[in-house]
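Novice: The primary structure of each chain is shown beneath.
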Amino acid sequence: MKLKTTSLLIAATLFGAAVAPAQANNDAMVDLLKVLRDKGTISAQDFDLLTGAAKADKEASEEIANKVAKVEKEATTISLKGGHLKIKSADKAFSAQIGGRVMVDYASMNEDDLGGKGNASELRRARLFVKGTAFTDFGYKLQLDFGSAGKDGKSVAMKDAYIQYNGWKPAKITLGNHKMPFGLEELTSSKYITFIERSAASEAFGVGRKNGLSIGTSGSNWTLKGAVHMNGTLANNSGQDEDFGYGARVTFAPLSEKTQVIHLGAAFHHQEFGNEAGEELQLEVRPEVHTAGKIFKSYEDKFEDMNQYGLEAAAVFGPFSVQAEYVHASFNAIDGSEDQDLESFYVYGSYFITGESRKYKKGEFSRVKPKSIVGQGGTGAWEVALRYSDLDLEDNGLGNAGDVTTIGLNWYATPTVRVMANYTSADVDGEDDDFNAFNLRGQIDF
Amino acid sequence: MKLKTTSLLIAATLFGAAVAPAQANNDAMVDLLKVLRDKGTISAQDFDLLTGAAKADKEASEEIANKVAKVEKEATTISLKGGHLKIKSADKAFSAQIGGRVMVDYASMNEDDLGGKGNASELRRARLFVKGTAFTDFGYKLQLDFGSAGKDGKSVAMKDAYIQYNGWKPAKITLGNHKMPFGLEELTSSKYITFIERSAASEAFGVGRKNGLSIGTSGSNWTLKGAVHMNGTLANNSGQDEDFGYGARVTFAPLSEKTQVIHLGAAFHHQEFGNEAGEELQLEVRPEVHTAGKIFKSYEDKFEDMNQYGLEAAAVFGPFSVQAEYVHASFNAIDGSEDQDLESFYVYGSYFITGESRKYKKGEFSRVKPKSIVGQGGTGAWEVALRYSDLDLEDNGLGNAGDVTTIGLNWYATPTVRVMANYTSADVDGEDDDFNAFNLRGQIDF
Amino acid sequence: MKLKTTSLLIAATLFGAAVAPAQANNDAMVDLLKVLRDKGTISAQDFDLLTGAAKADKEASEEIANKVAKVEKEATTISLKGGHLKIKSADKAFSAQIGGRVMVDYASMNEDDLGGKGNASELRRARLFVKGTAFTDFGYKLQLDFGSAGKDGKSVAMKDAYIQYNGWKPAKITLGNHKMPFGLEELTSSKYITFIERSAASEAFGVGRKNGLSIGTSGSNWTLKGAVHMNGTLANNSGQDEDFGYGARVTFAPLSEKTQVIHLGAAFHHQEFGNEAGEELQLEVRPEVHTAGKIFKSYEDKFEDMNQYGLEAAAVFGPFSVQAEYVHASFNAIDGSEDQDLESFYVYGSYFITGESRKYKKGEFSRVKPKSIVGQGGTGAWEVALRYSDLDLEDNGLGNAGDVTTIGLNWYATPTVRVMANYTSADVDGEDDDFNAFNLRGQIDF
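Protein chains in written order, with this note's numbering: chain G, 30 to 475; chain D, 30 to 475; chain Y, 30 to 475.
Hints should not be assumed to be uniformly reliable.
Note that identical chains are pooled: a pair holds if it fits in a single copy or bridges any two copies.
Stated by the list, open to error - Here are the computed lysine to any residue pairs in the SDA-like style, where the Cα-Cα straight-line distance is at most 20 Å: (1) 400 - 166; (2) 287 - 217; (3) 99 - 304; (4) 170 - 126; (5) 160 - 245.
Don't read these hints as lab results, they were simulated from the structure.
As the structure is a prediction and not an experimental result, all values here were calculated from the model.
Chain G on its own, in the form it takes in the complex (with noise of 0.2 Å):
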């Protein structure tokens, strides 16, 4: 009798780890129990009553031990980390976060400058999203702007509505509105760009959002991103085909570290304008203040269709960056008007005194978490930095050029918390006046 206790005893420490699931057992009360048991200590009947409380106290800890693993096992979690909430569900096949931003933009301005609107306060952006994955391969993005919501009949602008599919992998298709693959600048979200503003550079031939198709695709140092788009997000009610447009972009980085990035880029976009009708177009430009009068100007004449390439390059070096971009943009006119040749670039840099770098990822710059952040004991980041953007909108003799300079300073109270000033010169070439701004931004998001 001992042998064998003794010898299930042996066996199960070889094997039962093992096969056990981690749960609190009671197995040495009921081993110990046999032993006393068959040393005489205790007594058959005893030993029968003594082992009931056991397995009783044994059934109690893996009632325990069950629920807690079916929590592990089956619970949506919900986190706040970083100060995003986002709910994932035990089985990583479905999410959703809920979030946005809120930017608010304080700008002086002499109103007798040019494109000078006099002081003026903006919601720049004010906007929430929902988005999430269903089913493991599908995701979907909704997201708003309410910054021009007001009382004076202003609207909501739509930002992201589409559905994503991802079960190709590494290929993302996304389909519905969305930001087109053209231009480092205009993908950096707003959150993170370096100025309050986007280069004028970078909004004269921005593609932005539009209801189309994208496939992309990505390797650890390279992506590549194709689109096919209509024009709007909205019902064309015009009585003419709906114009559309198509384009790709590539970037390639050969360094791709935490705090050594070189970044290489290169797209290509065709705009179609069908133009029937004989509409006339003009590109209208502000000088990277958003509540400024539009002073740059192409002439505004009509054309069938446009085509632009932009190249781009930019480096991070620890706490230094640079970035620049050129678009070259071609405008094919309708019998009877003239062809147009325009172009732009900027270039710029960046110096975390704080010692943090700017952040890369596949083809793109994101957020810039500061080394101290206030509330936890720190205080903050500090970035200064300094951009030119040129614009040549002129061609044949008509239009107008000119560049535009700011410097910048902004300080990271928190990975989501910023705090932006800009001083602005601006000049359009042949005018006698200028364009002075100093401008404020506070900013979180969430």
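Given the coordinates of chain G, work out where chains D and Y should sit on it, guided by the hints.
Specialist: Relative to the frame of chain G, chains D and Y by itself:
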């Protein structure tokens, strides 16, 4: 002494389980120690020390068990089951759900066709909603459609904004903006309709959502709902009484099983126009493509009120289903105008090649869940469908009549992702020209 | 040997509880095995095997205890307490809340009365908000009102869009669109106001929400808040400096207990109009019914700036409460126009038949919780109230003056569901006609 301990053990075995909550107890240890003390195996001093240690173990176990029990009893749970974000309090007195839908459409039409507007894309619906229950008996829903939110100043459309009282079961009382009880296709959510658009026949006389009060009740195979409503969701600044209306709908399902359904329904609706100012009113209906022109039109005239009734029938037999509705509307003219009697009907059939059945519940059709789900190793469900709609908006020799035929192919990738393709052809009596369109939709709801 | 083991047991008993974390231990078993081994009851081999089994049991228990502890320490919690969806990180550094309100109104007016617009319904408010805290010291809120979102192109109204810094306790710094510090009734949320609309006296000189910066602080029975602001939430494209303003409010509560309150307050506000363009400005106020016409009017003239001050008093004695405010505004004319001095006051009393008290906190009134809640076996709370408002918008013999009397009955079904009925009667001095309306509201917030 021994007897005493054993008696206690027996008593514990008999009654213990019934009174003890499920938790790790360590009772066996305490019992064993008593036995060993009684037998003299361990000393009284050891007994006291060991009993103390056993009690400490027991208390620690109980603390964990209590924590687990507390979570079970009090924790608010969050779920993403089926892709829908739902939160529920442990006592079920409170719940909340956050969701929405995105539908993107691409229509190909010839701009020279009757009603043709050229190729067009559209964010047909981009909705967000929050709904919930509070204090057991009350509910609410707020649902907005941002599909037309865009750069040209178009606005958000209010869908649901209501308060509900559920305390008089099975009745539900709803106050605010919500769907009025008229029309099977109209009451079926756009997430679940069989074709990209509801039939022209339904659209012509649809009542849709109004700001009002409804009371509905239902049994296992019938529903009854009555409603009174004001005209709109907006302040009336015209200096006249806002128009009102009322109506009711009853449905009965002689057969109501999971994949076998026969549905019958009837509804009535009265709309007051007041019309002291003698405003003219005209029905205008699109040929079942939302970006097309309105080609079906009644004669514009001045009316005092309108009465309409509708008849509904539908059947599901496994993968097959048929559905039909008829509406008759009588417009009562004010002096100097003429009464009009108008009518419409549609009939359609659908067949799931992959064997699913349309799901019916309480007088409405709801979500089809494919047997085979993309992202879970499956390939989705396929449905083919054909619909014929007939409108007669002609009376007194004025207005027009016509019909629309739509053939549809639907792919349900998952329960919440659907791709739809429709070919639509429409005729207006007496017009040489006709309407033809090919329409595609990508859809997700969450 | 025995002594040694017992000594260890004594030491463990004395010190163990203090150093051991709360978890299931199985220490009693190991201790017992040592005693039995020392006494020779079990063999050394059995001791080793049994000790191994006991340790395995212990490890399993610890694993569960650790999991439970981890959940306690790290888990983000979600709650629907009181019907409000709140999420909080375990360390409380992050939180988020998603909510809103729905208010539906039905007004009965005679369209032949002064200001009468006929019977009218309205979605008075249909709001959604997201607010939260991030990294302990920062907060944000984004709140939108979709009540006027409808088919006629009306738009969403921006309510709150701000960033908050809470790191200098007890001060709060708020930047963005938020309520300026002026007026007790104006600062009381529409969820908690005693009548369906705020008094005409408050509306006439209300400052409401502006895009600006405020700093507020408070003690146990006082508050102080100052603010500077720009005029609006929108870009100013008029080519003039945007108007600005500033103000401050102080409150003091000589008595501030749960059901016994005396509140005193004073506020000042300056609004610059600039008005280089010589635009005319006129106050127009409704008779406390939102769908009625604006019957109270100042004389339209050209002003350079405006200064106004307000005095507040309120008291709560159990179920009784009274509240009154007085505002005086001085409009300073530009050359060629005349200055205007205008004023208004209101006073009201309210009584909870069911014994509740209006709740006061830091210079504002907040949510009343009925003692008896519908859905939890109760019947709700009942309140009757009477208000008299007096406006003097007349100066230099121009503009008009008048008064409004409102009697109200409120039923608080639950803390978040309220039904309100108001009968309102208004007079304009010198007009034969008067205004009368019966107004109903259903309200829920979440």
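Novice: Check each numbered hint from earlier against the structure, then list the numbers of those it violates in ascending order.
Specialist: 3
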